Amino acid sequence: MRFHVLGPLTVLSDGREVPVGGNKLRVVLAGLLLHPGEIVPVTRLTSWLWEGGVDDPDRAKATLHTYVNRLRQLGARDVIRTVQDGYRADVDAASLDLLRFRGLAASGRRAAAGGDLDTASRVLSEALALWRGPLLSNVDSAPLHADAAESLTEEWLRVQEQWLDVGLRTGRHAELVATLRELTRSHPLREPFWERLMLSLHRSGRHAEALQAYHSLSALLAEELGIDPGPALRATYQAILTDDPSIGSPDGAQAMARAETASHPVPQQLRPDMPGFAGRRAELAELDRLLDDSASPAPGGPRIVSVQGTAGSGKTALAVHWAHRIRDRFPDGQLYLDLHGYGPEPPLEPAAALETLLRALGTPAGRIPAGLEERSALFRTLLTGRRTLVLLDNAGSSEQIRPLMPGSDGMVVVTSRNQLRGLIVQYGARRVVLDQMPSEEAVELLSEVLGPERLVSAPTAVAEIVERCARLPLALRIFAERAARFPGVPLGKLVADLRDERTRLTALDTGDGDHTDLRMVFSWTYGALDPDSARLFRLLGLHPGPEVSTGAAAALAGGDLAGVTRLLDRLTADHLLRSRFPGRYDFHDLLRSYAAERAREGEAADQDAALRRVLDWYLHAARAAAEHLPPAGRPFPAGPVPADLGLPEFDGPEEAVGWYEEELPNLMAATHYAASRGWHGPAWRIPRTLAAFFDFHVPGTAWAAVYGVAVRASRTEGEPYEEGCALNHLAWVNTRLGRLGEAVGHYDEALAVARRIGDRDLEGDVLVNLGATYFRLGRLAESTDCYGQALVIARDSGDRHLEAEVRNDIAQNDNELGRHAEALTGARTALDMYTELGDRYRRGEALRALGTAQAGLGRFGEAAALFLDALELMREFEDRRGEADVLSRLGEALHGSDDLGAARARWREAVEIFTELDDERAGAVRRRLVETDSL
Numbered sequence: 001m002r003f004h005v006l007g008p009l010t011v012l013s014d015g016r017e018v019p020v021g022g023n024k025l026r027v028v029l030a031g032l033l034l035h036p037g038e039i040v041p042v043t044r045l046t047s048w049l050w051e052g053g054v055d056d057p058d059r060a061k062a063t064l065h066t067y068v069n070r071l072r073q074l075g076a077r078d079v080i081r082t083v084q085d086g087y088r089a090d091v092d093a094a095s096l097d098l099l100r101f102r103g104l105a106a107s108g109r110r111a112a113a114g115g116d117l118d119t120a121s122r123v124l125s126e127a128l129a130l131w132r133g134p135l136l137s138n139v140d141s142a143p144l145h146a147d148a149a150e151s152l153t154e155e156w157l158r159v160q161e162q163w164l165d166v167g168l169r170t171g172r173h174a175e176l177v178a179t180l181r182e183l184t185r186s187h188p189l190r191e192p193f194w195e196r197l198m199l200s201l202h203r204s205g206r207h208a209e210a211l212q213a214y215h216s217l218s219a220l221l222a223e224e225l226g227i228d229p230g231p232a233l234r235a236t237y238q239a240i241l242t243d244d245p246s247i248g249s250p251d252g253a254q255a256m257a258r259a260e261t262a263s264h265p266v267p268q269q270l271r272p273d274m275p276g277f278a279g280r281r282a283e284l285a286e287l288d289r290l291l292d293d294s295a296s297p298a299p300g301g302p303r304i305v306s307v308q309g310t311a312g313s314g315k316t317a318l319a320v321h322w323a324h325r326i327r328d329r330f331p332d333g334q335l336y337l338d339l340h341g342y343g344p345e346p347p348l349e350p351a352a353a354l355e356t357l358l359r360a361l362g363t364p365a366g367r368i369p370a371g372l373e374e375r376s377a378l379f380r381t382l383l384t385g386r387r388t389l390v391l392l393d394n395a396g397s398s399e400q401i402r403p404l405m406p407g408s409d410g411m412v413v414v415t416s417r418n419q420l421r422g423l424i425v426q427y428g429a430r431r432v433v434l435d436q437m438p439s440e441e442a443v444e445l446l447s448e449v450l451g452p453e454r455l456v457s458a459p460t461a462v463a464e465i466v467e468r469c470a471r472l473p474l475a476l477r478i479f480a481e482r483a484a485r486f487p488g489v490p491l492g493k494l495v496a497d498l499r500d501e502r503t504r505l506t507a508l509d510t511g512d513g514d515h516t517d518l519r520m521v522f523s524w525t526y527g528a529l530d531p532d533s534a535r536l537f538r539l540l541g542l543h544p545g546p547e548v549s550t551g552a553a554a555a556l557a558g559g560d561l562a563g564v565t566r567l568l569d570r571l572t573a574d575h576l577l578r579s580r581f582p583g584r585y586d587f588h589d590l591l592r593s594y595a596a597e598r599a600r601e602g603e604a605a606d607q608d609a610a611l612r613r614v615l616d617w618y619l620h621a622a623r624a625a626a627e628h629l630p631p632a633g634r635p636f637p638a639g640p641v642p643a644d645l646g647l648p649e650f651d652g653p654e655e656a657v658g659w660y661e662e663e664l665p666n667l668m669a670a671t672h673y674a675a676s677r678g679w680h681g682p683a684w685r686i687p688r689t690l691a692a693f694f695d696f697h698v699p700g701t702a703w704a705a706v707y708g709v710a711v712r713a714s715r716t717e718g719e720p721y722e723e724g725c726a727l728n729h730l731a732w733v734n735t736r737l738g739r740l741g742e743a744v745g746h747y748d749e750a751l752a753v754a755r756r757i758g759d760r761d762l763e764g765d766v767l768v769n770l771g772a773t774y775f776r777l778g779r780l781a782e783s784t785d786c787y788g789q790a791l792v793i794a795r796d797s798g799d800r801h802l803e804a805e806v807r808n809d810i811a812q813n814d815n816e817l818g819r820h821a822e823a824l825t826g827a828r829t830a831l832d833m834y835t836e837l838g839d840r841y842r843r844g845e846a847l848r849a850l851g852t853a854q855a856g857l858g859r860f861g862e863a864a865a866l867f868l869d870a871l872e873l874m875r876e877f878e879d880r881r882g883e884a885d886v887l888s889r890l891g892e893a894l895h896g897s898d899d900l901g902a903a904r905a906r907w908r909e910a911v912e913i914f915t916e917l918d919d920e921r922a923g924a925v926r927r928r929l930v931e932t933d934s935l
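Everything in the sequence shown is counted per our numbering, starting at 1 for the first residue and increasing by one.
Don't take each hint at face value.
Claimed, not checked - Okay, the calculated beta carbon distance ranges per label pair:
#, residue 1, residue 2, range
1, Ala178, Ala146, 29 to 37 Å
2, Val18, Glu182, 42 to 50 Å
3, Glu349, Ile39, 44 to 52 Å
4, Ala463, Arg431, 25 to 33 Å
5, Arg431, Arg502, 30 to 38 Å
6, Asp90, Gln238, 36 to 44 Å
7, Gly22, Ala178, 38 to 46 Å
Stated by the list, open to error - With a straight-line cut-off of 16 Å between C-alpha atoms, the simulated EDC-like cross-links for lysine to aspartate or glutamate are:
#, residue 1, residue 2
8, Lys61, Asp85
9, Lys61, Asp589
10, Lys61, Asp898
11, Lys61, Glu627
12, Lys61, Glu51
13, Lys61, Glu916
14, Lys61, Glu816
15, Lys493, Asp517
Honestly, the hints are just simulated from the structure, not real lab data.
This one's a predicted model, so the numbers in the text were calculated from it and none came from an experiment.
Here a beta-carbon is modelled for each residue, glycine too, at the ideal position from N, C-alpha and C.
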């Protein structure tokens, strides 16, 4: 098979295109192919599949396994390998266009470096011809595009620039103009293309057009971004304007630079490396990779790396440590400059920064120009042809560092709390983002300061310290310094100061200067915010859940969605928030504590109003999602939707389920928060909306806690019907958790409530669930009795949904008792009713009961066909437990049809899912595999 990812995802077999199927399958396949030969962890794949993450990793892993199996069935069995904690695509350049592209690009670069420009031009052209854009246009996954596709596009743009530079070096200026016109139209903000267009026009004798190109870009940048062209482009414009001979040929400027810098000193300005530096292995490896990429830089510019992260994440320590490791790779020196972008001192102006840098390069004070542009041009000239590392620390903005960019060669590393998006857009800078440290690396950092012996004696305390410090290097070092001052005090006692959110930041202060006071370090970023962004940051510190969507944030702030999105973007740009997926935001616990601390300085009434708005948003958004799922009880009084709440819209059950999966931790946190404030209405209403999600999720103990809250809240508010519903749901959760005795007790309480208030509908719902629990306990007579009572209620009330459900449940009991003919009749009736009602999900349950009856009657072919139809519906609604159950039954039907190979294949699939779900039925299916192994 051959795979194409440099355009729409395409799979070819014998020259014919193979349909891949649904979007989720394409996401998995594309994600693996974009990282050929690499182990792609399950967590990374699931992050591409479900924006905002998953609250149940085991279920997500199991669903992913299903998608991989479907891809293998399409013909990728020999391509996708299962490895520890992930998957790998085993492909080569003959089967994947991405690898062919990279191989050709590398060959072209080598040829250009060796002076074989004709070969370089030909090979780079072949590489570029493989692109069929737009990249992965048939794969809908914003996280995948942001994580992988964007960097691949940048890779293509760099190869495009290399090909253009080869053309400029071989004098094909006039030929390149048309291509460059198209590239500047397609990528209007990428300044290197405009610079090459200006050079091509100038060297073709079209000076006026070259100058006009500059003015066109200048107007565009002013309109779109409110900025001027960068220093390199301005210098090229000035050179064309004055007909500077140095740009008349490709080698003129470099020759002048070599003469200018021949006698300059070699600066060695790096700050001392941090003793005991620990961790950040992945980031160091990424910097090494970027350095290797820059070993033979393409003509036209240096490699630029932006090391970014929140306050206290260790950006400077990492950059300095890495710079010391590789300083020998830059024989022409290392420049270091603190730009004071964030801190107690005012930011360093670009002109002053250039003066410092020019002095470091040996420029006498009398020869340093007065103007910013002249200083910038001289700086570029002095560094041309030199392998110099420039480390610009603590930058405040792209504007501050644009004039400090060298024109060619060398490498620039910029550290900043800001994302420096302009630097990415205009110079193609690469990002290395510092998030929280992995736990094991955080422990290493503590060990470097405190010694391994002290840590080994208190593993529980160490784990808590790491998490309370949010795995943030500065916080860990501050805590470790304090612990080192008290060597005789157990770590378990010292960590107590970190447990209270209100005193945690006070404990993370050495008392020896602002730079080792975490609260002060955070304040430098916070203090630079505009009032609206600062207010939103404070309110987010009060948000009850672990992450927030744009819609919830807008409700919290009481603002319009577009305006709040801009504020969220500003906070993300300054690394006060993280946005791992478009439209979703969070921050680590220490920043949350700081935000909440600042919020508490304001008016309590404003805080309460904001929290009530966001609780309303979660309630009404969940209610809107529930409307797209099978009914889970009668509608409840959610109350009128407040004006301008900005609720999400859903296009069918898949989107609704996806929303629930994303928001479940927030919905649960909102429930507990409402109860803690005595706001009983949301404390029972929000859990009520979750009932619609029962059949699409494997509930854990957190669900039992939430419905315990709902029982108490509805009872306190005097809502007996809602109390009965909450008891019914609590019992159902306990049933799914295997706590069958507790479940029966809660069902009995719910029945008592229903009968006390005379609510027959509620009584019927409880009886159905109680019957299912008795079924699991093996008490079939009591189960059938419950179903019989529920059937009477369904008929009396005309509740067709309840009647269909009861008939299907009775059919399951009949199957269990060996009454397959009766089960066949009941299941057929249920199937017809579900079809009439348009309930696709429960049609799958009826098909399963019908297939079981046919198998019991020895009609294995009919049974297998019914199970296949049921399997399709279980997978459509992502019911993993139901899928595994149907697979096991399908295996039995295939075995009965003497198709042993197919039966074993289905049983193996069922075992994998049951095992991943920790379902006891895995053992029974595994035994069937063993029994048939010798047949």
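Going through the hints against the structure:
Between Ala178 and Ala146 the beta carbon distance is about 32 Å. The supplied range of 29 to 37 Å therefore holds. At about 33 Å, the CB distance of Val18 to Glu182 disagrees with the hint of 42 to 50 Å. At roughly 47 Å, the beta carbons of Glu349 and Ile39 sit within the given window of 44 to 52 Å. In this structure the supplied range 25 to 33 Å holds for Ala463 paired with Arg431, their Cβ-Cβ distance being about 30 Å.
A C-beta distance of roughly 35 Å is found between Arg431 and Arg502, which places it inside the suggested range of 30 to 38 Å. The hinted window of 36 to 44 Å between Asp90 and Gln238 is violated, with their beta carbons roughly 53 Å apart. For the pair Gly22 and Ala178, the beta carbons lie near 41 Å from each other, so the given range of 38 to 46 Å is met. Distance check on the hinted pair: Lys61 and Asp85 sit about 10 Å apart at the alpha-carbon level, within 16 Å; holds.
Between the alpha carbons of Lys61 and Asp589 the distance comes to roughly 27 Å, so the proposed pair goes past 16 Å and is violated. Taking the CA atoms of Lys61 and Asp898, the gap is near 32 Å; set against the 16 Å cutoff, the hint is violated. For a cut-off of 16 Å, the pair hint linking Lys61 to Glu627 is broken: about 27 Å separates their Cα positions. Taking the CA atoms of Lys61 and Glu51, the gap is about 15 Å. The hint holds against a cut of 16 Å.
In summary, the hint linking Lys61 to Glu916 is supported, as the alpha carbons are separated by about 8 Å, within the 16 Å threshold. Annotation: proposed proximity of Lys61 to Glu816 is violated, straight-line Cα distance about 32 Å (limit 16 Å). Of the pairs offered as hints, the one joining Lys493 and Asp517 is violated, with about 21 Å between alpha carbons and a cut-off of 16 Å exceeded.
The structure does not agree with the numbered hints 2, 6, 9, 10, 11, 14 and 15 stated previously, though it agrees with the rest.
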